[in-house]
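S.K.: Sequence:
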Amino acid sequence: MNTMNPKQRKRELLGQILQKMYPLGEKDLQECLDIQKEKGGHIGEILIRTKHIRENDLLMALSTQFQIPYLHNITEEDIDKDLVSSVPITFLKRHIILPFSRGKDIVKVAISDPINLKPIDDLKVFLNSDMELFLTESITILNAINMAYETHKEAAEQVIEDMGDESLHVGLDEPIDLIDAVDEAPIIKLINSLMFRSVKDRASDIHFEPFERDIIVRFRVDGVLHNILTLPKRFQPSITSRIKIMASLNIAEKRLPQDGRIGLKIAGKEIDIRVSLIPTSFGERVVLRLLDKSGYMLRLTDIGLSLEAQAVLQRLIRLSHGIVLVTGPTGSGKTTTLYASLTEINSPGKNIITIEDPVEYQIKGIGQVQVNPKIELTFGKGLRSILRQDPDVIMIGEVRDLETAEIAIQASLTGHLVFSTLHTNDSAGAITRLIDMGIEPFLVSSSVVAIIAQRLIRNLCPHCKKEHTPAFPELKELGLDPSQAEDFTIYLPVGCDKCLQTGYRGRTGIYELLLINDELRNFILQNVNSQVIKNKAIECGMKTLRVDGAAKVLAGVTSIEEVLRVTQEDIVE
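Under my numbering, the letters of the sequence shown match residues 2 to 574, in that order.
Mixed in with the good hints there might be a few duds.
As the list claims (entries may be wrong) - Label-pair restraints from in silico Cβ distances: (1) Ser-348 - Arg-214: 54 to 62 Å; (2) Glu-78 - Asn-57: 17 to 25 Å; (3) Ile-539 - Ser-386: 34 to 42 Å; (4) Thr-281 - Asp-482: 46 to 54 Å; (5) Ile-376 - Leu-292: 18 to 26 Å; (6) Cys-541 - Asp-482: 19 to 27 Å.
Honestly, the hints are just simulated from the structure, not real lab data.
Virtual Cβ for every residue (Gly too), placed ideally from N, Cα, C.
Modelling step: build the complete structure from the supplied sequences, incorporating the hints.
M.R.: Structure (structure tokens):
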């Protein structure tokens with residue numbers, strides 16, 4: 002039981018613990034220590050701010066350093082609401098601290114900062130009890146505080162109740178005072194509640210979809226949309242106007258699409274929200290895309306690559322010239338893979354410049370240019386200018402047209418390493434797509450060195466997955482023989498409170514890595530179709546998306562149905 006003051010223990014240095022636990026280089030640590038010397042602050046916070054680690058990583062290391070148990074989650078059943086409500090909510094939220102359970106002689110307290118001792122001491126005096134400390138993420142504590150005070154749970158439903166039946170028959174065509182509408186505290190509370198809940202539920206998007214009699218609110222979690230709430234139609238003008246004001250958009254314009262941005266801090270996390278509104282038959286449809294700016298930049302070891310694929314990619318990203326293409330549909334993690342690759346090779350000795358639409362995450366030490374069609378800064382024009390900046394490595398957000406493709410190929414042939422993305426279903430399809438754009442086959446064969454196709458699959462929830470013995474047809478569809486599966490445990494999704502009843506929590510990637518060798522170059526020069534190229538690549542040892550997915554099923558990472566769902570378009574009978 003850790004009732005003693007954390008500063009009384011003899012502790013190993015935090016930096017040393019982090020180096021043992023995570024791939025944190027001596028150079029990265031020293032860079033952050035230099036920032037600490039110059040500007041002050043805690044080393045852990047600096048490491049998070051520079052995206053070398055996540056808050057979760059820091060807490061695990063602090064747990065080791067202070068010998069305080071790490072708490073993965075706080076459920077409603079864990080919380081003693083009478084205990085929590087005896088402490089002012091402003092104190093709990095300001096210091097992100099939560100006394101959540103009381104024993105005979107001790108109170109269990111969740112904290113996110115063991116270095117900040119004053120609120121811990123104040124709480125001990127206030128409750129007049131010894132305390133057992135637990136470390137957990139700030140958002141977990143804030144969510145638990147809200148659950149205890151019932152300010153978050155069903156907050157949106159409570160807002161609807163509070164607003165009563167006034168203006169029940171207000172329609173879209175009936176004029177309303179927009180300023181009055183957006184000043185209504187319940188609407189502000191509703192929007193804030195939904196944004197907080199979206200971060201808690203790990204949503205990437207919030208959809209407000211108007212229909213004839215109501216508005217459906219949906220969250221996209223792990224790539225799949227879930228209905229969260231149904232709101233009365235009368236709230237639509239107020240909701241839309243409130244979001245427009247937050248995003249600095251024109252609240253009077255309802256006929257044209259509008260795009261904007263909102264910068265927020267939710268539960269200690271900096272969230273960049275991209276706002277898109279389009280007019281539909283039943284009013285303006287609003288979609289909010291959430292980007293966690295304080296998020297940890299994923300590395301090649303984090304994105305789901307097999308050890309074999311990691312080794313190949315480590316070699317590819319260190320080539321002096323050539324084009325490496327990453328392909329897949331929208332939302333398949335292509336940009337994340339490219340960012341992970343650039344982070345891996347980023348060093349003072351390399352000049353790396355990117356041109357993107359838009360710049361999603363800032364990477365220290367890399368020049369990032371954002372496309373702006375309004376001033377005619379296209380991929381093609383930007384790329385021409387980048388080549389005059391003496392780059393070693395260039396990343397192009399997407400090859401969209403012939404001009405961009407031609408400049409990228411010329412750049413690779415003149416001694417630059419070029420990374421880019423392309424929208425095709427598989428790796429071989431990227432070759433025929435470039436040729437269809439108008440690139441000569443001999444230029445494709447001499448410039449492209451590798452093509453990576455990828456998809457994102459959902460991970461099984463570790464709390465509720467159950468063992469499953471698949472039937473022969475299931476294994477056959479996945480491309481497995483029963484003898485291959487007999488030494489492995491295969492799981493099914495079930496669903497619980499921790500995974501929104503989906504059976505899945507979090508995502509990882511599956512990959513298809515096509516390396517262009519001499520045999521494939523000859524096929525490209527002959528301008529054969531993509532299936533012939535794919536078959537030859539498989540002969541040469543390429544593992545398809547489905548094969549990589551099958552390996553993750555055998556490893557217990559995901560389910561058979563999830564792999565079949567994301568790779569169904571790649572089946573060729």
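S.K.: Now, for every hint given, state plainly whether the structure supports it.
M.R.: Status of the hints after comparison with the structure:
no.: 1; hint: Ser-348 - Arg-214: 54 to 62 Å; result: holds (58 Å)
no.: 2; hint: Glu-78 - Asn-57: 17 to 25 Å; result: holds (23 Å)
no.: 3; hint: Ile-539 - Ser-386: 34 to 42 Å; result: holds (40 Å)
no.: 4; hint: Thr-281 - Asp-482: 46 to 54 Å; result: holds (50 Å)
no.: 5; hint: Ile-376 - Leu-292: 18 to 26 Å; result: holds (24 Å)
no.: 6; hint: Cys-541 - Asp-482: 19 to 27 Å; result: holds (22 Å)
The structure fails none of the hints (numbered hints given earlier).
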